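Each chain, written out:
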Amino acid sequence: MNAAEIETRAAEWLIRKRDAQGWREEDATALAAWLAESPAHEMAYWRLESAWDRADRLTALSPQSRREMLVRAGRKAAPIATRVAAALVILGGLATATNMLWPRAPQAQIYKTAVGGRETLSLADGSQIELNTDTEVRITGNAKERKVWLEKGEVYLQIKHDPQRQFIVFAGNRRIVDLGTKFIVRRDADRLEVSFIEGRARLEAPNDADGPKSIELEPGDMAVANANQTTLWKKPVAILADTLAWRRGLLVFDETPLADVAAEFNRYNRKKLIVVGDAQKLAIGGHFQADNVETFARLAQGTLGLHVQTKADQIIITR
Amino acid sequence: MGDTSDFERGETTLPKAGEGPSTAEVKAWFVREVLPLEATLVQFLRKASRNASDVEDLRQEVYMRLYETAKKELPNPTRPLVFRIARHLLIDRARREQVVSIEAVENLENLNLAIDEPGPDRTVIAREELRRMQAALDQLPRRFRNAVLMRKVQGLTTREIALRLGIAEKTVEKHLTEGVRALANILYREREAGGAP
Chain A
1 MNAAEIETRA
11 AEWLIRKRDA
21 QGWREEDATA
31 LAAWLAESPA
41 HEMAYWRLES
51 AWDRADRLTA
61 LSPQSRREML
71 VRAGRKAAPI
81 ATRVAAALVI
91 LGGLATATNM
101 LWPRAPQAQI
111 YKTAVGGRET
121 LSLADGSQIE
131 LNTDTEVRIT
141 GNAKERKVWL
151 EKGEVYLQIK
161 HDPQRQFIVF
171 AGNRRIVDLG
181 TKFIVRRDAD
191 RLEVSFIEGR
201 ARLEAPNDAD
211 GPKSIELEPG
221 DMAVANANQT
231 TLWKKPVAIL
241 ADTLAWRRGL
251 LVFDETPLAD
261 VAAEFNRYNR
271 KKLIVVGDAQ
281 KLAIGGHFQA
291 DNVETFARLA
301 QGTLGLHVQT
311 KADQIIITR
Chain B
1001 MGDTSDFERG
1011 ETTLPKAGEG
1021 PSTAEVKAWF
1031 VREVLPLEAT
1041 LVQFLRKASR
1051 NASDVEDLRQ
1061 EVYMRLYETA
1071 KKELPNPTRP
1081 LVFRIARHLL
1091 IDRARREQVV
1101 SIEAVENLEN
1111 LNLAIDEPGP
1121 DRTVIAREEL
1131 RRMQAALDQL
1141 PRRFRNAVLM
1151 RKVQGLTTRE
1161 IALRLGIAEK
1171 TVEKHLTEGV
1181 RALANILYRE
1191 REAGGAP
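Listed in order, the protein sequences are those of chains A and B. Position one of the first sequence corresponds to residue 1 (our numbering), numbered consecutively onward. Position one of the second sequence corresponds to residue 1001 (our numbering), numbered consecutively onward.
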């Protein structure tokens, strides 16, 4: 068997094994025998298994692909159509019914940080909200709820949980309902990112045409949402904690392409790093002062041997 | 999710005491150290081999040789060894086929230099990985993606998916099989080089 044939066999085994039904004792024996035949079998199997598991935390369904399924199934006979309806009810039932239009409270307090700024807000109830660079939040509260709107930027929340007084974070067309939590919310132009450090919370999506959905988040979860899709990902909490380095004024990189490094620095500085051409792919690691882009540029020149050209409001890096 | 990781399952043969790393250890090493290098390795093999259909078999051969080494002792560091093995394999093959062109040898030498630079292919930070995962899903052909999502998201069995889509179980199995292969190829082959957000 050549590599492609082995891979196909390995994939068949994996899919059958991971099927919730129909996997029997003798299948397990047969798989073990097949794996033992050759390291090539084992490695092909491991490779696919690890890819499959990486997708394991994929919990959300884009409305688009859900529609596609419906269209396909709709062509079939009536009994199947009934099954589809039942499935949709279950999907809809996952989400709590909420009005997802997020009306802004007019009396809300507004807090902003400038580019490069960092601010900690201590709320009366003992909760803390740390604002990262270029961030704007609106905060309002009453006896029943506490609400925070993240208009832009990034916040780290340490919430004093109070079952009598919900804490809700609104960001774009999503909301996060605290169930006793520490987490980070970052809102870029068209995407929202929620990293979970401690506790539990629920991420809720809007009541759009394709129905609502909600996801329970736990420590190590990282959810990334764009307008109509959410992906959930499991990460060691220690790695997620790196994304908190900004609280100490640091940026932490680990084999990060220079293009991404520049984008991170540019969130914190008026003087923008521009990486041109091949140099974008160069991966670097390390801790850097977020607000000291000049030092970084000198390092790029000295250590990485790149060409650095400094202008009034730009630093251009080329190979 | 219907899937549970069976990372620690003992379905492969157990090692005898004192004979180097266990199969579980080799597997963990392979997933952690070797798979993230696959994109670079395949690129390397592709450049050096004129026959595209060879690449998969060459990769398999590299993995086999790595496995033999790892069974004795887990290599550390892994990266230089992977490319040393790949290089030797290509040279062996070129000799055997007696079609060593000067050009090919030159390419091998150039590649030597290139692979010693750090590439954006090792541990990627969480953010980067998430983006890749999302991109990988988007890239799956539609019918594979549907099957994968129904399995992953809704935790449906093959039979349930078949009933829901009104297609044969065998077909669903085929879609899932192709889906997982495509997913692995996207995840391990395509580096998101220079993909600035």
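The set of hints was computed from the structure by calculation and includes no laboratory data. Any given hint might turn out to be false.
Simulated crosslink set (BS3-like; lysine-lysine; CA at most 30 Å straight-line) [said to hold, decoys possible]:
| hint | chain 1 | residue 1 | chain 2 | residue 2 |
| --- | --- | --- | --- | --- |
| 1 | A | Lys182 | A | Lys147 |
| 2 | A | Lys271 | A | Lys234 |
| 3 | A | Lys17 | B | Lys1174 |
| 4 | A | Lys112 | A | Lys281 |
| 5 | A | Lys281 | B | Lys1047 |
| 6 | A | Lys152 | A | Lys234 |
| 7 | A | Lys144 | A | Lys112 |
| 8 | A | Lys160 | A | Lys234 |
| 9 | A | Lys17 | B | Lys1047 |
| 10 | A | Lys272 | A | Lys152 |
| 11 | A | Lys234 | B | Lys1047 |
| 12 | A | Lys160 | A | Lys144 |
| 13 | B | Lys1071 | A | Lys17 |
| 14 | A | Lys152 | A | Lys182 |
| 15 | A | Lys281 | A | Lys271 |
Please read these numbers as outputs of a predicted model, since none were measured by experiment.
* Asked: Quick one, are B/Lys1071 and A/Lys17 close enough, alpha carbons at most 30 Å?
  -> Measuring from Cα to Cα gives roughly 26 Å; hence the hint holds.
* Asked: Would the pair A/Lys281 and B/Lys1047 pass a check requiring their Cα atoms to be no farther apart than 30 Å?
  -> Judged against 30 Å, a Cα distance of about 19 Å means the pair holds.
* 30 Å Cα cutoff - pair A/Lys272, A/Lys152 -> holds (19 Å)
* **Given hint A/Lys271 paired with A/Lys281 - CA-CA distance at most 30 Å** => Given that 30 Å is the threshold and the Cα spacing comes to 21 Å, the pair holds.
* **Hinted pair A/Lys17 and B/Lys1047, Cα distance within 30 Å** => violated (36 Å)
* Taking only the CA atoms, is the gap from A/Lys271 to A/Lys234 under or equal to 30 Å? -> Since the Cα atoms of A/Lys271 and A/Lys234 sit roughly 35 Å apart, the hinted pair is violated (cutoff 30 Å).
* Asked: When you check the alpha-carbon spacing of A/Lys234 and B/Lys1047, does it fall within 30 Å?
  -> Status violated; Cα separation ~35 Å.
* Does the structure keep A/Lys152 and A/Lys234 at a Cα separation of 30 Å or less? -> holds (25 Å)
* Asked: Within a Cα-Cα threshold of 30 Å, do A/Lys160 and A/Lys144 meet the stated pairing?
  -> holds (14 Å)
* A/Lys144 and A/Lys112: Cα distance at most 30 Å? -> Since the Cα atoms of A/Lys144 and A/Lys112 sit roughly 25 Å apart, the hinted pair holds (cutoff 30 Å).
* Asked: Hey, A/Lys160 versus A/Lys234, does the alpha-carbon distance stay inside 30 Å?
  -> Given that 30 Å is the threshold and the Cα spacing comes to 24 Å, the pair holds.
* CA of A/Lys17 to CA of B/Lys1174, is that 30 Å or under? -> holds (14 Å)
Hints 2, 4, 9, 11 from the list above are not met by this structure, while the remaining hints are.
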